[in-house]
Amino acid sequence: MAFYVYIMTNKPNGVLYTGMTDDINRRAWEHREHVIGGFTAKYNCEMLVWVDVHETRESAFERERRIKKWERAWKIRLIEEANPDWRDLADALM
Numbered sequence: 001m002a003f004y005v006y007i008m009t010n011k012p013n014g015v016l017y018t019g020m021t022d023d024i025n026r027r028a029w030e031h032r033e034h035v036i037g038g039f040t041a042k043y044n045c046e047m048l049v050w051v052d053v054h055e056t057r058e059s060a061f062e063r064e065r066r067i068k069k070w071e072r073a074w075k076i077r078l079i080e081e082a083n084p085d086w087r088d089l090a091d092a093l094m
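Sequential numbering of the sequence shown, starting at 1, is according to full-length UniProt numbering.
Hint data in this document are derived by calculation from the structure and do not stem from the laboratory. Check each hint, because a few of them may be wrong.
Capping the alpha-carbon separation at 20 Å, the derived lysine to aspartate or glutamate pairs in DMTMM-like fashion look like this [said to hold, decoys possible]: (1) Lys68 to Asp91; (2) Lys69 to Asp52; (3) Lys68 to Glu46.
Taking CB as the label site, the calculated pair distances span [what the hints assert, rightly or not]: (4) Arg57 to Gly14: 15 to 21 Å; (5) Glu80 to Tyr43: 19 to 25 Å; (6) Lys11 to Lys68: 16 to 22 Å; (7) Arg66 to Ala2: 17 to 23 Å; (8) Pro12 to Thr56: 29 to 35 Å; (9) Glu81 to Ala41: 26 to 32 Å; (10) Arg66 to Gly38: 17 to 23 Å; (11) Asp85 to Met1: 27 to 33 Å; (12) Gly14 to Lys69: 19 to 25 Å; (13) Tyr43 to Asp23: 19 to 25 Å; (14) Ile36 to Ala73: 24 to 30 Å; (15) Lys11 to Phe61: 23 to 29 Å; (16) Arg77 to Ile36: 25 to 31 Å; (17) Pro12 to Glu62: 26 to 32 Å.
Don't be surprised by glycine CBs; every beta carbon is placed ideally from N, CA and C.
Start from the sequences and build out the full structure, keeping to the hints where you can.
This is the structure in structure tokens:
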């Protein structure tokens with residue numbers, strides 16, 4: 001089983017949300033469809049722009065916590081290194 005740390009946004013260089021899941025397809029769909037209220041629904045974070053795969057839940061949890069403490073510029077650099085065009089990666093998953 002894989003675990004994922006991910007970043008969602010509402011537009012390139014927009015609001016950023018970092019999360020963790022064991023089912024990236026389901027979670028990306030939940031964000032897109034606003035199935036679960038909260039931050040991503042409030043700020044319309046529907047684009048999956050960065051994903052990191054982990055073998056253990058603990059590893060993913062630690063990575064998520066670290067990234068959540070990062071400065072915004074570091075998160076943007078992380079996204080742009082892997083996804084310079086800010087494509088919605090969920091399109092390839094669905």
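Here's how the hints hold up against the structure:
1. Lys68 to Asp91: 24 Å, violated
2. Lys69 to Asp52: 17 Å, holds
3. Lys68 to Glu46: Given pair lysine 68, glutamate 46 holds - Cα atoms ~18 Å apart, limit 20 Å.
4. Arg57 to Gly14: 15 to 21 Å: Violated, since arginine 57 and glycine 14 (Cβ atoms, about 29 Å apart) do not stay within the stated range.
5. Glu80 to Tyr43: 19 to 25 Å: Given about 20 Å between the Cβ atoms, the range holds.
6. Lys11 to Lys68: 16 to 22 Å: Roughly 20 Å apart at Cβ, these two residues keep to the hinted range, so it holds.
7. Arg66 to Ala2: 17 to 23 Å: At 19 Å between Cβs, range holds.
8. Pro12 to Thr56: 29 to 35 Å: Once the Cβ atoms are compared, 32 Å apart, the range 29 to 35 Å for threonine 56 and proline 12 holds.
9. Glu81 to Ala41: 26 to 32 Å: 28 Å, holds
10. Arg66 to Gly38: 17 to 23 Å: 21 Å, holds
11. Asp85 to Met1: 27 to 33 Å: 30 Å, holds
12. Gly14 to Lys69: 19 to 25 Å: Since the Cβ atoms of glycine 14 and lysine 69 sit about 20 Å apart, the hinted range of 19 to 25 Å holds.
13. Tyr43 to Asp23: 19 to 25 Å: 22 Å, holds
14. Ile36 to Ala73: 24 to 30 Å: 28 Å, holds
15. Lys11 to Phe61: 23 to 29 Å: At roughly 28 Å between Cβ atoms, phenylalanine 61 and lysine 11 fall inside 23 to 29 Å, so the hint holds.
16. Arg77 to Ile36: 25 to 31 Å: 28 Å, holds
17. Pro12 to Glu62: 26 to 32 Å: 28 Å, holds
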